[in-house]
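The two chains are supplied separately, each in an independent frame; assemble them into the complex guided by the hints.
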Amino acid sequence: MARLTAGVGCSHVPAIGIAMDQGITEQPYWVPAFEGFEFSRKWMKDNKPDVIFLVYNDHCTAFDASCIPTFALGCAAEYHPADEGWGPRPVPVVKGHQRLSSHIAQSVILDEFDLTIMNEMEVDHGLTVPMSIMFGEIAQDDDWPCLVVPLCVNVVQYPPPTGNRCFQLGKAIRRAIDSYDEDLNVMIFGTGGMSHQLQAERAGLINADWDKRFLDMMTEDPIAASQITHEEYLRETGSEGIEMVMWHVMRGALNDKVTEVHRHYHVPASNTAVGHIILENHE
Amino acid sequence: MEKNYEDIPGTYVFDADRSREGYHLNMFCISMRQAKNREAMKEDPEAYLAKYPMTAEQRQAVRDRDWNRLLELGGNIYYTSKLAAFDGITFQDLAAMMTGVSREEYRDMMLNGGRSIEGNRYKSEWEKS
Chain A
-16 MARLTAGVGC SHVPAIGIAM DQGITEQPYW VPAFEGFEFS RKWMKDNKPD
34 VIFLVYNDHC TAFDASCIPT FALGCAAEYH PADEGWGPRP VPVVKGHQRL
84 SSHIAQSVIL DEFDLTIMNE MEVDHGLTVP MSIMFGEIAQ DDDWPCLVVP
134 LCVNVVQYPP PTGNRCFQLG KAIRRAIDSY DEDLNVMIFG TGGMSHQLQA
184 ERAGLINADW DKRFLDMMTE DPIAASQITH EEYLRETGSE GIEMVMWHVM
234 RGALNDKVTE VHRHYHVPAS NTAVGHIILE NHE
Chain B
103 MEKNYEDIPG TYVFDADRSR EGYHLNMFCI SMRQAKNREA MKEDPEAYLA
153 KYPMTAEQRQ AVRDRDWNRL LELGGNIYYT SKLAAFDGIT FQDLAAMMTG
203 VSREEYRDMM LNGGRSIEGN RYKSEWEKS
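Line by line, the protein sequences are chains A and B. Note that the numbering used here gives residue 163 to position 180 of the first sequence, counting from 1, and the numbers run on in steps of one. To convert, count from 1 in the second sequence and add 102; that's the numbering used here.
None of these hints come from the bench; they were simulated from the model. All residues carry an ideal CB built from backbone N, CA and C; glycine is no exception. Heads up, some of the hints might be wrong.
Unchecked claim - Covered by chain B, per the in silico footprint, the following chain A stretches (three or more residues, Cβ under 8 Å):
1. 64 to 73
2. 247 to 255
What the hints assert, rightly or not - Straight-line C-alpha distance at most 20 Å; calculated EDC-like pairs for lysine to aspartate or glutamate:
3. LYS105/B - GLU215/A
4. LYS153/B - ASP47/A
5. LYS195/A - GLU220/B
6. LYS225/B - GLU215/A
7. LYS105/B - ASP66/A
8. LYS230/B - GLU184/A
9. LYS225/B - GLU214/A
10. LYS144/B - ASP189/B
11. LYS138/B - ASP47/A
12. LYS225/B - GLU184/A
13. LYS230/B - GLU220/B
14. LYS154/A - ASP164/A
15. LYS230/B - GLU108/B
16. LYS78/A - ASP66/A
17. LYS25/A - ASP164/A
18. LYS138/B - ASP66/A
Excised from the complex, chain B in its bound form (with noise of 0.2 Å):
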């Protein structure tokens, strides 16, 4: 099936082939809604993690917190956002993370309008800078 969505910079549409890939992984993320969950997260990592039968690779982009690499490995911000809370950080410096810039840039760019359309728009933009 053709992508037409696949070269826009920075950015992983969640579709059915990542919903797959990812399944496991979204649902222990979405596991941490729950306070139960989350105590047993806190108390063994490995062992909760273990229960959820992810590729080696997702639970090591977990262990890291790589929140790009999870989104790659078909990981969704919805569920992702989950653990960020579990861990304390808020979907706006979550955000800021995953663009690689402070909390305080971060706030101050969506206070000044958000990122710009301008230059955004395809990969081959962000290849020629």
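Just chain A, with the same shape it has in the complex (with noise of 0.2 Å):
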């Protein structure tokens, strides 16, 4: 049978992917925000997820503002990095697991979570970031060292689904995914954040404190976690600080007690403050 057997919790900010594509991450501005990647790298390659399960959101790339679903899980078997402005991120194609997905659409819709399929859809920074992150460079006429199912989450247009409503969506993937017959290996990521606001008058604003407590919430108290309210999200970590209710999707899927075995934090990247977690599920 498919194990879940952890989980990331990881932010995805583009510049992050620009600096991995322009080779400067030597750089000084860059240097502390990868050296707290170094030990996720080297736990990816000792822990070979087969499957990767990657909450993300759309920047208006998949979706313009004509079709915002809330939920859209990819059935595809595999998503083009899109171009984004500024040509496609020179990253390999990410290849999917069609028949998990339509399992985990399958299981998921009765369990009562209306998804919205897509089987066929490009992936911005969103997804692409994150693998960059946990993978390292990969050319991009190689492969990832694994297949994704990816999850668009809507926390463009306010508002996302709840915090709580993310947390229990993740507990239904989770019971997809041990009722799968094939044995996998299966992570779980939840992307974006941490606190930032990239708009308006207010633009920059950086949360550290907040931040902190809620990585300490991921690990130890993942329900209170999510029961945090939007207004919360939007006054205290700035108004894309919000997206954060994607960690909710990744901590629901895991048991209520993990281990966590590596955390980062660190401000800046571009506008944003980088938060990164690993969390392993007991047995």
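Next comes the structure, spelled out in structure tokens:
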């Protein structure tokens, strides 16, 4: 049977991808951000997932204002990195695990989460940057080391789904993975955040104390974390910090008790606080 | 519907009302992702803008590149940033412009830990100072 072995929380700041693509990660500005990923890349090599269930948000790439699904599950054979206006990122095409996607779609919808199904979808930095962070530089004509099942969550138009809804969806995804009949090592990524505001006169807001408490809660008190209100995200973490609701999908899929094996927090990457955590599931 | 986020200073929450008001503006902005549209916009901005049934105010804010006004009129930052990119403005420089400081000041603020949450939670805190 498939096993969910770990969860990863991770920012998906586009500038991190650009720094890797341009080969400038050794510059003093970037060194402290990337130092915190060294452990993660080794850990990924040691723990070799077969599939990553990757929760992220699309940034008006696959979905523009004309269509805004709250939860959209990728069920395609492959996902091409999108041109977000300055050319696609030079990273490999992301390969899907179609049979697992189909199984999760069927299981989760019967579990009363009404997903949108995406049989064709381009993916933007929201998905490819966490892959790059965790696997390091991989040539465009090479392959990512594992398959991916992507889940897009709307966090662009307010309101995104509540933290609680995301947490409960994580539980439904876990039930789907547990009931899949192939022996697979599955990890789940929740991406986005941490505190940041990209817009208007309050742009540049960072709330490091809040972010650190959030990371503590991810490990120790995920139910309390899932009850954080939208108003609190907007006010305390900036208008774009609200994308942290996506971390609750990841955390909901894990066991109540987890082992935190790594944590990294750094300000800034461009306009954003970078947060990262690795949680292993107990048997 | 109660909007308990309207008292956050310097912030336009892109809710369903703003999404409705800003629809054509945002669709115009996102069209700048494609090279052929960027070419058309370069060649004849007024003709290109005319394809999108925006309000006169929105159209003027586009002409003025009044970035905060665009948000007030229903624009969303992920969309308006595509128009900024068309102008060759990076995301961080756009943020500096919206906050009314120089690129260097903004970058220094971020390097020093960003804008503090203290004094920046409520509009009333901004009105006092």
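Problem set entry | Broken hints, by number | 7 and 17
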